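Order-wise, the sequence lines are chains G and F.
If you read the first sequence in our numbering, its first letter stands for residue 1, the second for the next number, and so on.
If you read the second sequence in our numbering, its first letter stands for residue 1, the second for the next number, and so on.
Hints were generated in silico from the structure; no laboratory data involved.
Note that the list lumps identical chains together, so a pair holds whenever it fits in one copy or between two copies.
Pairs of lysine-lysine residues, derived as DSSO-like cross-links and limited to a Cα-Cα distance of at most 30 Å, are as follows:
hint : residue 1 : residue 2
1    : K234      : K140
2    : K234      : K315
3    : K62       : K197
4    : K165      : K197
5    : K114      : K129
Fair warning: this is a prediction, and the values are worked out from it, not measured in the lab.
Number of protein chains: 2
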Amino acid sequence: MNAKISIRIAARVLPVTVMLIALAAPMALRAQEHPEDNLLPSWRNGQAKMAILSFVHQVTDKSSPKYVRPEERIAAFDDGGTLSTEWPIHVNQPQMVFARQRVKAMAKQHPDWKYQPPFRFILEDDNKKLDQCLKDPWNKLDLLRATYGAMTVEEFGSVVRGFLKTAKHPKFKVPFTEVAYQPMLELLDLLRAHDFKIYIVTNYGADFVRELSESVYGIPRDRVIGTTPEYEFKESPEGGYLARASNIDIFNQWAVKAENIQLHIGRRPILVAGNTDGDLAMMLLAAGGKQPFLNLLVRHDDAKREFAYEENTDKVLRAAQSRGWTVISMKGDFNTVFAFQKK
Amino acid sequence: MNAKISIRIAARVLPVTVMLIALAAPMALRAQEHPEDNLLPSWRNGQAKMAILSFVHQVTDKSSPKYVRPEERIAAFDDGGTLSTEWPIHVNQPQMVFARQRVKAMAKQHPDWKYQPPFRFILEDDNKKLDQCLKDPWNKLDLLRATYGAMTVEEFGSVVRGFLKTAKHPKFKVPFTEVAYQPMLELLDLLRAHDFKIYIVTNYGADFVRELSESVYGIPRDRVIGTTPEYEFKESPEGGYLARASNIDIFNQWAVKAENIQLHIGRRPILVAGNTDGDLAMMLLAAGGKQPFLNLLVRHDDAKREFAYEENTDKVLRAAQSRGWTVISMKGDFNTVFAFQKK
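Model the full structure from these sequences, guided by the hints.
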């Protein structure tokens with residue numbers, strides 16, 4: 001088994017090594033094809049791509065002083081804004097679009113919603129007032145509780161699958177299973193090929209993301225760590241089942257993301273990718289370990305192909321700049337942003 | 001990738017099929033070798049072994065109406081009393097032996113422990129009074145809080161590894177890494193070979209069990225679901241780290257075991273193995289699903305090779321008997337109990 005893994009690693013590491021030698025010798029490079037294009041084709045050659053390829057090479061090459069054993073190659077990825085588009089949150093974020101659809105579908109059973117924010121603003125399609133209202137996290141929790149809870153986990157999965165089959169991204173007009181960033185999908189593939197264990201660590205609902213994690217990201221359900229309601233085991237004549245209570249038990253953001261990495265994984269990550277202050281604790285956790293690490297901060301600076309915004313990035317951007325972490329510019333580093341935009 | 005997996009499954013399922021045909025024709029069986037001996041050699045041929053082999057065959061044979069896709073082959077195993085010996089708990093259970101050692105090592109910094117149960121009874125080696133005292137769960141929590149908390153997760157891991165290297169089981173006089181039941185280790189191997197995803201779901205501390213899960217059971221750290229303290233992310237000059245608080249956040253027993261399966265895995269198990277009422281909710285969860293399932297209840301009825309006891313088994317035994325779940329008799333079904341007992 002171990003021998004097999006070693007052979008696979010060797011076979012896969014080789015192209016990265018070849019590429020690094022090629023990059024280090026630009027004169028030679030011009031005379032040949034660009035071998036690094038095969039590895040992360042949707043990334044432009046630049047510092048971010050170089051940092052990724054160099055790191056992957058160093059931690060997987062057995063002769064490297066930075067070698068990390070496969071079982072310790074833990075990678076933690078935020079979802080919204082890091083793996084997939086989510087801006088503006090109250091309009092385009094998949095779980096917010098889901099919540100809005102649910103409010104409209106459930107409105108008949110809740111006549112009071114006509115008068116009660118934030119439900120009222122959703123029923124009236126008043127994005128401006130909704131945005132203002134949801135700045136208060138308690139209003140946001142009200143919305144999530146009303147639309148995500150009080151059913152079995154199987155029922156919830158089925159409702160989400162129905163949503164993912166029919167709903168379209170309001171701006172890009174494609175299903176939410178197609179709004180992942182193409183360069184990040186390639187990065188996931190590269191890491192998988194080098195025996196990284198990849199986890200999604202998101203403030204989105206875990207059970208929501210689990211319905212697309214396998215098909216979109218190739219990440220199994222048990223590697224999705226997210227916000228969760230209280231689960232309640234209930235007996236039935238057949239045996240038992242799990243219900244989603246209406247309260248949120250774990251809100252997976254900021255320090256909680258780092259704490260949940262211990263709860264779910266039990267190892268420090270050596271690679272963390274995020275895009276807001278909510279991901280800073282995970283990055284600090286990687287930085288505080290004894291292993292080599294790579295922190296990737298995605299910046300949304302591409303108003304043409306995606307969106308340009310800087311909300312909730314003050315702290316993480318300062319940390320990235322002062323500590324020399326890798327900042328990814330969507331505008332500068334992504335050749336392609338979405339697969340559907342390819343000509 | 002999928003084609004490869006299918007070939008591997010086919011190759012591995014074949015012996016199970018051959019064996020089942022052989023068992024169904026006892027006359028023919030006598031004339032040849034016992035092919036089932038190669039699969040679970042430490043199990044005696046009987047109902048439990050037959051139920052296991054039949055189930056594994058049915059859910060992995062693509063032509064079977066009970067076929068279950070590999071990603072849904074979730075198996076949840078209790079640890080103490082199911083995978084390894086733990087009786088009597090306050091004397092021989094590994095995490096209790098650990099707690100007792102820690103009390104003695106830390107006694108100098110806690111002069112009050114000389115007067116304060118349960119610490120006092122540990123320092124006086126009074127097992128009888130300790131046993132009585134720990135029947136009150138609050139006293140047990142006091143003990144676990146004092147000996148398992150208030151350090152970083154790395155420090156805790158290092159203390160546990162030191163314990164596992166030096167401590168011996170009080171009765172069997174072997175390290176705690178050698179007190180797993182040999183037939184259960186073979187069952188884990190069989191399930192792994194048939195692409196089951198195996199999780200430990202234990203009331204023991206998750207971080208304690210993680211220090212032996214990979215080497216003893218071949219189960220990676222992130223598939224250990226157990227009792228956990230509150231984790232606290234703290235910043236440091238290098239970045240950050242996680243501390244174990246002194247309070248227990250999740251006590252993983254009874255309904256919580258089923259609820260934590262949703263939190264960590266997000267799928268119903270199709271195979272559950274346990275030995276007490278604490279495992280009943282997990283078994284009911286498996287029984288309540290739409291997939292075929294196998295619930296295994298280990299009974300401790302072998303005073304000669306292990307221990308004979310029935311504590312906390314009323315409900316689960318009644319459920320197993322009325323619902324026809326598979327009961328494993330250590331005396332009747334285990335050829336060998338521990339590898340170290342082999343001649």
